[in-house]
Every structure is written in C-alpha cells, then in structure tokens.
Amino acid sequence: MQQFIFGVLTLFSFGFFAFNLRKIAQNIHMGLPLDRSDRKAERWRTMLLVALGQKKMFTRPIPALLHLALYAAFVITQIELIEILVDGISGSHRFFQNGLGGFYTFMISFIEVLSVLAFIGTIAFLARRNMLKLPRLNMKELAGWPTQDANLILVFELILISFIFTMNGADEVLQRYAGTSNGFAISSWLGPILFEGKSTYTLHVLEQIGWWGHIVMVYTFMNYLPYSKHLHIFMAFPNTYYSKLEPKGQFTNMQSVTNEVKLMLDPNADPYAATATDAAPSRFGAKDVNDLTWKNLMDAYSCTECGRCTSACPANTTGKLLSPRKIMMDTRDRMVELGDFKRKNGQDAEDGKSLLGSYITEEELWACTSCNACVQECPVNIDPLSIIMDLRRFLVMEESKVPTELTGMLTNIENNGAPWQFAPTERMNWANEE
Amino acid sequence: MADMMASGESPDVLFWVGCAGSFDDRAKKITKALVKILNHCKVNFAVLGTEESCTGDPAKRAGNEFTFQMQALMNIELLNGYEIKKIVTACPHCFNTLKNEYPSLGGTYEVIHHTQLIQDLINTGKLTLADNGTFKGKKITFHDPCYLGRANDVYEAPRELIEKLDAALVEMKRCKTNGLCCGAGGAQMFKEAEKGNKEINIERTEDAIETSANIIATGCPFCNTMMTDGVKHFEKEEDVKVMDIAELIANAADL
Chain X
26 MQQFIFGVLT
36 LFSFGFFAFN
46 LRKIAQNIHM
56 GLPLDRSDRK
66 AERWRTMLLV
76 ALGQKKMFTR
86 PIPALLHLAL
96 YAAFVITQIE
106 LIEILVDGIS
116 GSHRFFQNGL
126 GGFYTFMISF
136 IEVLSVLAFI
146 GTIAFLARRN
156 MLKLPRLNMK
166 ELAGWPTQDA
176 NLILVFELIL
186 ISFIFTMNGA
196 DEVLQRYAGT
206 SNGFAISSWL
216 GPILFEGKST
226 YTLHVLEQIG
236 WWGHIVMVYT
246 FMNYLPYSKH
256 LHIFMAFPNT
266 YYSKLEPKGQ
276 FTNMQSVTNE
286 VKLMLDPNAD
296 PYAATATDAA
306 PSRFGAKDVN
316 DLTWKNLMDA
326 YSCTECGRCT
336 SACPANTTGK
346 LLSPRKIMMD
356 TRDRMVELGD
366 FKRKNGQDAE
376 DGKSLLGSYI
386 TEEELWACTS
396 CNACVQECPV
406 NIDPLSIIMD
416 LRRFLVMEES
426 KVPTELTGML
436 TNIENNGAPW
446 QFAPTERMNW
456 ANEE
Chain S
1435 MADMMASGES
1445 PDVLFWVGCA
1455 GSFDDRAKKI
1465 TKALVKILNH
1475 CKVNFAVLGT
1485 EESCTGDPAK
1495 RAGNEFTFQM
1505 QALMNIELLN
1515 GYEIKKIVTA
1525 CPHCFNTLKN
1535 EYPSLGGTYE
1545 VIHHTQLIQD
1555 LINTGKLTLA
1565 DNGTFKGKKI
1575 TFHDPCYLGR
1585 ANDVYEAPRE
1595 LIEKLDAALV
1605 EMKRCKTNGL
1615 CCGAGGAQMF
1625 KEAEKGNKEI
1635 NIERTEDAIE
1645 TSANIIATGC
1655 PFCNTMMTDG
1665 VKHFEKEEDV
1675 KVMDIAELIA
1685 NAADL
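Protein chains in written order, with the working numbering: chain X, 26 to 459; chain S, 1435 to 1689.
Hints should not be assumed to be uniformly reliable.
Unchecked claim - Quick list of in silico lysine-lysine cross-link-like pairs, DSBU-like style, CA-CA up to 35 Å:
hint, chain 1, residue 1, chain 2, residue 2
1, X, K165, S, K1629
2, S, K1610, X, K269
3, S, K1598, X, K80
4, X, K269, X, K81
5, X, K378, S, K1632
6, X, K426, S, K1629
7, X, K269, X, K254
8, S, K1466, S, K1675
9, S, K1625, X, K81
10, X, K378, X, K426
11, S, K1625, S, K1462
12, X, K81, S, K1632
13, X, K378, X, K269
14, S, K1607, S, K1670
15, S, K1670, S, K1463
16, S, K1607, X, K80
17, S, K1572, S, K1476
18, S, K1629, X, K81
19, S, K1666, X, K426
20, X, K287, S, K1462
21, S, K1607, X, K158
To be verified - Listed next, the stretches of chain X that the computed footprint assigns to chain S, with coverage defined by at least 3 CB atoms under 8 Å from CB atoms of chain S:
hint, region
22, 267-276
23, 425-439
Hints are computed from structural coordinates only; laboratory data are not their basis. All values reported here derive from a predicted model rather than from experimental measurement. We put the CB at the ideal spot given by N, CA and C, even for glycine.
Chain S on its own, in the form it takes in the complex (with noise of 0.2 Å):
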C-alpha cells in the first residue's frame, strides 16, 4: 500500500490478510488463493504488508478493550491516512470488526467477506469457473461461520459459490442461523476449552462427516483450523478436506 501511495495511485479494494492469513501456514494458502483470483481478474488492489496490525478482535471477545481500541484507532488512523473506502477480507472476525466495530471509533469502510468479493466477480463476468472437472461428482458441505452468518446474517454468497461448482452442496443437520459454532470463537481459539465431555470442533465435525460430503467447504481460517483438526480426530483426512472457498474456486478457474 505504502508502494501505490507513494506513486500516486490509489487501490480499489484494501485485501485486508489479517493475522491468520498472515501468519498461519494452512491460512497463508487460503490467502495465496485469494490473490490468486483477484490477479486473474485484475482487480486493482493492495494490501497494508508489513504495516497490517491486528484488528483486535480477541482482544475485545476476551474482554480487553483497551487493547482492542488501541489497535482500533491505530489501524483507523492507517487506513484513513490511505484514504481507503473498501475492505475485502477472507477472516469473518475482521470482516466483522471492520465493519461494525470501526465505524463508531471514526473508521467507515465499505467492509466485504472474499465470498461475496467473488460472487461478485463471477456475477459481473470477470471470473469464469473451467470445466475441468475438478469437483465432478463431489459432494461439498458448508460450514457457516458465525462471524459470517448469525453475527452478519451472510449466508448465501459461499453457498452461491459452492452450488457454480460441478459438485452437489450438502447442507448439514444445523446450518444457517442454526449453525454449530466450531468452538473457535470469543478467543477461544487462543486458550484450552473450559472443562465439559466433548470438544466443540468434534461435535461440528461429526455434523459434517454424517453428511457424507467429500468437502468440508469454510470461510473462516479459523473454522477451517478448528475442522481440519477434527477431521484428522476421526482419522478421516483421506476422505474428507477443509477447504476455504477461495481455494474451491481457485481450482476450478483453473489458477
């Protein structure tokens, strides 16, 4: 970003990576998918690189807001600085941070989840899905987010996606606004779960494996995380992937 500024050009869309995307290596593939696609179709963006920080939202679900409007208004000061008016993000925690945390601190976004960024380029023609067959005869499930579905009420973008793919989306048992958290959320993800009899990624993921789907398809990494670790629980990585809708569509463009 500091780069296009510097040469007096100006971005589109800020792809915000976020820490996940940043750091963690199974995230970091979902990022590279994303670019991918948005290269392909030469959207004009750019990203904050090194000068990216931490929206704070663990912070704030942990019960720290100080550390959470410390990084708030340092994070506005930036983009406002950038001048930005549109934020696409593959993380629901920051899409939902961004989008409606910021505002009232004085940073207002036009915030959108990767999902919609590329229902959007395949609705305007921008990207197109190769027959390749990739996904021919697969059965793909999808897990809702809750950063993304109830705490935003997105639920039909990635399902728009999945269902452009050459496979069949299975919905499971709870789904939607009935959708089982994956047991990430509110910090979670960050500390061991409280004491009980069952950890929530594996309550999911037997949700998932009972709909016999081939795909577990998410749009969170963190979700993704949390369900690739159930899955290698039930010693089912041969027969079932997690893949984030980016890398699903991705291989079928053929990029």
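One chain only, chain X, in its complex shape (with noise of 0.2 Å):
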C-alpha cells in the first residue's frame, strides 16, 4: 500500500513537473533565433567554472559561503535522493546500506554535516533579509510576492532539513535499542538527545514522519520550482553554457539595418529585388518578450532575484529608475503573461500588452551607461544589457521617442559626421592649435 502510494505520488510529481518544462520551454520559444552553436569547449568550461564551481559567487565571500552549504548540500543529497527512490519503491529500508558499508556511513554523514551547514546558511540568508534587512534584498521592485517567495524558499529548505535529522535520528535510536548504531556523523548525537526513551513504536512513527515528510517536501518543491525564482538551480547550467562569449562591449550588429543600410549607400542596386527575397523583420528593436531572442528570455528564468546588478549599476546607486534586476523580473514575468495567454488564444493572439509600456518605461532605459557592470556581476552570466539595448532601439527606430539632446546629437552625426555641431573641415585644427 505504502509502495503504491509512493508510486503514484512520484508519477504525478514528475508528470507535473515535466508539464510545467514543457511550457518554460515554449515560452522560451517564443524568443527570436541566435546562434550559440559554437565554441563548444569554452562554453563547457565556462559552464563548470560559473555553474558548476560557483566562480563569479566568489566576488562576495560570506553570502558566497553561506551559498556554497547550501548548493553543496542539495547537490549530495540527490544521491540520498537516490536511495529514498529506490526504497520507495522496492519496500526496503536503506538500500545501499549493507552493499556499501563503511563508504555509506561516509556518505550518509557527509550529507549530513554539510545539512547542518545548509541549515546555518538558511537561517543566516533568513536573517540577512528580515533582520539586517540587506538594501540589495529589500528594494521596492521585490515587494509582495518576490520577498514571499524569498522567504518560501528559505522555509522549505528548513524544513526539509529537519525531516531529514527527523528521519536519521528516530533510526539511530531505534539500532542503539537493538544494541548498534548507525554511525552517521550528526544523527548518532543529536538522535539520542531527541528522542532517547520514547517507545519503539513511537520511533518507528517519526523515522516514517521523516521519510516520508522528506519525500513529500522534496516533490513539493520541485513542482514549487517552475513557479520560483529558485528555478536557477536548473537553469544556471543551460544559461551559462549559452552565455555571450564575445567581448562585453560588442553589441549585435542588426542585419535587417545592413540590408537597409546597403541598399542605401549602393547606387546600383536594385531595391525592389532585395526587399523583395530578404523577409523583412516584423520590428526593429523590441517591443514585447516575443521580439527578444531566446536567450534573452532564458535569462530572464535563471535570475534568482540577487541583485548583485542592482547594487553595481551606477544609475541605481545614484537614485535613477533603472534596475537590471527588474528588467529582467518584468520580462519573466511578462513572458509567464503572454506564453500563458497565447496557449489560451492562440499562437496569434493579442492582449494589447507589451514588455516596454506595461512593465518597463522608457525612463528605466533611458537611464542605462551601458557599462556592463550588471553583466559583469550577474553570477549566472545573464545580460540585462542587452535587453535593454534591444528596448532602446525599438523606442528610437520605430517610435522616434528619442530624449530631445540625443535627437541634436544624432542629427550631427548624419550631417557632419561628429556628435558636436563641428565641421569635418575643422578636424586637423588641433594639429596647428598650440
């Protein structure tokens, strides 16, 4: 009974889940196309050096350790993960135990010293946010359900912890009745000082509590995922392995300009044949999540709302509208809206939204030095940048919302080739000046 309970709780938790990728995947669909096919090798690395090894983390070394007790914890505890699976299943009690031994008690109690780190490091991230009230985890854009889901988190993995010691510990002194001992690092301590003296019965009740408490939270938050910004777990890997491997400072050239731009400046060409093949954008620029690429909207899932970029980004700091973070919260979240809308309506649907308007305003944008200080911090490579670039160039190339100085300058471009009002003759003065 136990077993089949267990079975159709596991099937549905991943069916549902698996339902919830399916639509992440879709709506990151929506994006545009953008190769980032090559370099194979450097983007492995930088995979294992951003994702894996935590590497940009490091810029900040106390949450930065307080981070790594608790990745390192959810990361080996899968490997428990494995066994309750297994258990759950078959009907046996700690599977890999008699097969492996001493490496089990090894393993068992690795995961548990380094639970105990994970639950130090919760309930300092807990305080960091609620006590010390950190500025970069309590500014406006993260009121409501942003601090909830923050805080959410930080509960589930609290209480996930405490199944586990739950679990071992009841185990423990259920073998020390029958005159033994599992040996696990913390159990074999703190379960006497938990639970010493209650009844076989009793033991065996709150050692099931744990398991299946454990068990039940962990598909709790797996399905809890898709909906949180704690979905960087998963997507940190993709996202840095298609992280920008150009120079920070390269922008995209657009080809629909070249085309444009060519035709232009080319006395021979034929404009009506080349309109005519080349399939002319629907916009220049970006209005809505859809005229994003890809990977624009990826990143826009792997943001776990640090606000490292925030707390770097020069026009945040000296008071200005702008936030990288909630860039890239508003394309999350307007990409939910429309993915969500456009499964109801139709792929074709309009809901008379958009990302710039509806969430972001032009000032935001208008506030951006481009100085990459937001993509340099991000610890999982995303780059608000170029979103915002994109936004900029939808606001000046189809609705001419140019800011009145940016208008002169660039007028004095197309006319004498310098953002001043100089002549081109006037170039070489500085060569006779003294």
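Quick one: dock chain against chain with the hints and give me the complex.
Below, the structure is given as structure tokens:
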C-alpha cells in the first residue's frame, strides 16, 4: 500500500514537473533565433566554472560561503534521494547500506554535516533578508510576491533538513535499542538527544514521518520551482553554457539594418529585388518579449533576484529608476503572461500589452550607461544590457522617441560626422593649435 | 593619410583621433600628447584628417542602428580603400566599436588602445622615461573606462604605465572589473541624466578623492570630462588633476 502511494505520488510529481518544464520551454521558444552553437569547449568550461564551480559568487565571500553550504548540501543530497526512491518503490530500508558498508556511513555522514551547514546558512539568509535588511534584498521591486517567494524557499529548506534529521535521528535510536548504531556523524548524537527513551512504536512513526515528510517536501519543492525564482538551480547550467562569449562591449549588428543601409549606399542596387527576397523583420528592436532572443528569455528564467546587478548599477546607486534586476523580473513576468495567453487564445492572439510600456518605462531605459557592470556581476551570466539596448532600439527606430538632446547628437552625426556641431574641415585644427 | 597614399607610402599604424580628440578642447591636448610620443618614437603613423568621421558608437548606444551602420559602412570603405591594417586610438569607445563591431560589417583591423601602444614602445626600448622627478612622491589613481576594462578586458596596460612613473599607484575601492562608470557611456554624454539623487560622476569622483590621489589618470576623453567636472564640483582643482595616461607619459619623457 505504501509502495503504491509512493509510486502514484512520484509519477504525479514528475508528470506535473514535466508539464511545467514544457511550458517553460515553449515560453523560451517565443524568442527570436540566435546561434550559440559555436565554441563548444569554451562553453563547457564556462558552465563548469561559473555554474558548477560558482566562480563569480566568490567576489562577495560571505554570501558565497553561505550559498556554497546550501548548494553542496543540495547536490550531495541527491544521492540520498536516489536511495529514497529505491526504498520507496521496492519497500526496502536503506537499500545501499549493506552493499556499501563503511562508504555508506561516510556518505550519509557527509550529507549530514553539509545539511547542518545548510541549516545554518539558511538561517543566516533569512536573517540577512528580514532582520539585517540588506539593501539589495529589500528594494521596492521585491515588494509582495518576490519577498514571499524568497522566504518560502528558505523555510522549505529548513523543513526539508528537519525531516532528514527526524528520519536519521529516530532510526539511530532504534538501532541503539537493538544494540548497534548507524554511526552517522550528526544523527548519532543528535538522535539520542531528541528521541532517547521514546517507545519503539513512536520511533517507527517518527522515522516514517521523517521519510515521508522529506520526500513530500522534495516533490513539493520540485513542483514549486517552475513558479519561483529558485528555478535558477537548474537554469544556471544551460544559461551559463549559452553565455555570450564575445567581448562585453560588442553589441550585435542588426542584419536587417545592414541590408537597408547597403541599399542606400549602393547606387546600383535594385531596391525591389532585394526587399522581395529578404523577409523584413516584423520590427526593429524589441517592444515585447517575443522580439527578444530566446537567450534573453532563458536569462529571465535563470534570475534568482539576488540583485548584485542592481547594487553595481551606476544609475541605480545614484537614485535613478533603472534596476537591471527589475528588467529581468519584468521580462519573466511578461513572458509567463504572454505564454499563458497564447496557449489559451492561440498563437496569433494579442493581449494588448507589451514588455515596453506595460512593464518597463522609457525613463528606466534612458538611465542606462551601458557600462556592463550588471553583466559583469551576474553569477549566472545573465545579460540585462542586451534587453535594455533592444528596447531602446525599438523606441528610437520604430517610435522615434528619443530624448531631445540625443536627437541633436544624432542629427550632427548624420550631417557633419561628429556628435557635436563641428564641420569635418575643422577636424585637423588641433594640429595647428598651441 | 591622403598625402601618404598619394606619395605611395603606407603607414604602420593609423591613429584614429576620434571626435573628442579632434574637437573637444581638453581632449585635443591628449591627442597632441600622443602625437608627441609617436613622433618622438618615430612611429610611422598617419591620421585620416578631415576624412575621419564618427565611428557611430554614440548612435548605436542610443539605439539608432541606422545611423551607426551608415557611419560604419562609410568608414570601412575609406579604411579598406587605404588598406589600413592596424589602428590605434585614445578613445575606448572608438576602440571598442572599431575592434568589435566593424568586423562583421567588412572592416577587420588590428585595433589597439593607446595605452597598449605606449606600453609596447616602452617595452621595446623605443621610449624611455626621463628621470625628471615630475611625479616624485605623487599618488596616482586609475579610473577604468568601462569600454576599455569590462567591455574589452584591458586592465593592465594603463596600470603598468603608471607603475613606470616615479609615483605610487593607488586603487579606488571600486576598480578593474568592479570599476564604477563615470556616467558618460551609453550616449549619456550627450544628454542630461535621468532623475535621481546624485550625478554618477560625483559618486565616482568621491571614490577617487577618497584615495587622496594627486592625479586621477584616465584613458578616455569622456571619462576625463566627467572626472574633471567632478573635481570642480568638490572645488579640488588645485589638489587633484585629471590627466590622460598619454599626458603623464609625455611629461615623464620630457616631451
């Protein structure tokens, strides 16, 4: 009966998770194509260093160490999870214990130690957020759901770890009653402290509560991920693999513009021949999420709202409206909204909203200095700058919404080849001045 | 350049002066300092003179890809016509655009920043710094231009040059990859800042003043303007000078 319940629960959990992953994939595919299939060795290296090795986290050592504890515990616990799955389906108890012997004891001990560190780390994270009120974790874009989401994740983690120790602790006391010990690093002393003297029946119930509680929390957490910023635990990997590998200062050259400019510059070009064959882009720049590339959208799903970008942004730190983190959060919110709308009403349906306008304002976009600090800071190689630039391109090229001073600068470049009003003939004056 | 072409010569390197270097009174001094160094080292170089035109960088960062590509394609036609192989520039914005954004439009050149060229001239013994004590006991801090540092990972060339001076290099709390922008990039140079509670260049100048440096060294004409304005804001013009690396080196070499 237990095995049956476990089987159904497992199938349902993975099924629902797969269902949501498919939606995520569909949403990312709303983006425009972009070729990131090159330089594979370099991509693997970037993923190993940045995602697996957490290289960029360590520019801020304290949160990096706390995060490392949670991350390591999470990764290693997957081994125990495999055992839980095997035990759950086959009805065995600690399936690997007999076969692995001393190594098993070491492995579970290792998991226990990391779990304690993760517990401490989680408490510290809750304190940083809610008591120390770290500025970057208490900005206005985090009001409401994002803050709840963050705290909920941390509470989930505390519960998960508590169930592990309930299970291992009760099991340890049971073993002691039978004159032996599991010998795990933490539960062999924590178990007796918590449960010594309890009846064998109570201990069995506690062990079962721990076991079931743990697996139910794992499945809950897994299915919570697609709705949460915590999805970064998976997305960090593909997202760093598909990182922009060109120099950060290199912006894309729009091919659609090149075609048109070449037509203008070439007196012999046949305008009709060219425009008929080249499919014109639906628009220049981006107004909505489906004008961005799939990588921009993957970026949005990878963001865990840590706010390192925003705390390094020169515009944000001097009180401007722009926050690169908000750009990413807006992109994700709008993508989910549009994806759901299209699944419901058909691919060609329009909901009358857009990323630019309904979520992101012109004032935010015009505050950017394109300094790349946000891109540099992001621990999972998200590129908010390319979204900002694509939205600017739409404003300028489709809507002609340019700040007045910039109109002057652009006109000067077009008329006299310099952003200021100087004649080209004056270009060499410096050589004759003292 | 046209003269050189006419007499059948070809330069080893083209000095891309840039709009700031050509028209901005402060930046023109940087241009002249660099030319002094190039002439002193007998570098076979040329400038495009009146044929040079904006690279299109501010247009591109402002979101106007049309204007950018118009400029880029015209410049590429000119540069390719003169068979230019190597370009040096004192402007990180020109540097970034020429180096990274011109190749896919048909203009591929070896592009270096002037600090890299000067470093090379010193390392190969073509330029020696006089022991004239100009910077003796001075503290110099280097402000990383975003388009040189983060955008193109050039952090060491300017620092090595400062270390060659008889002065102490002091770092700001935010430097290299963490360097704070001066506030001019992304076409902000040509517009008023958006509403906020502080100007970015003031924030950055505070970083620099905190180091108690006598000189703020830059490698970008726009950073130079922003930092100079910042120093003026704090009325520190007497104590803190804002100078380009090329000017520091030209002074130290008695040029």
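Evaluation of the provided hints:
no., hint, result
1, X:K165 with S:K1629, "17 Å, holds"
2, S:K1610 with X:K269, "20 Å, holds"
3, S:K1598 with X:K80, "32 Å, holds"
4, X:K269 with X:K81, "15 Å, holds"
5, X:K378 with S:K1632, "33 Å, holds"
6, X:K426 with S:K1629, "18 Å, holds"
7, X:K269 with X:K254, "22 Å, holds"
8, S:K1466 with S:K1675, "18 Å, holds"
9, S:K1625 with X:K81, "34 Å, holds"
10, X:K378 with X:K426, "19 Å, holds"
11, S:K1625 with S:K1462, "22 Å, holds"
12, X:K81 with S:K1632, "29 Å, holds"
13, X:K378 with X:K269, "29 Å, holds"
14, S:K1607 with S:K1670, "20 Å, holds"
15, S:K1670 with S:K1463, "21 Å, holds"
16, S:K1607 with X:K80, "21 Å, holds"
17, S:K1572 with S:K1476, "30 Å, holds"
18, S:K1629 with X:K81, "32 Å, holds"
19, S:K1666 with X:K426, "33 Å, holds"
20, X:K287 with S:K1462, "34 Å, holds"
21, S:K1607 with X:K158, "23 Å, holds"
22, 267-276, "holds (count 6)"
23, 425-439, "holds (count 9)"
The structure fails none of the hints (numbered hints given earlier).
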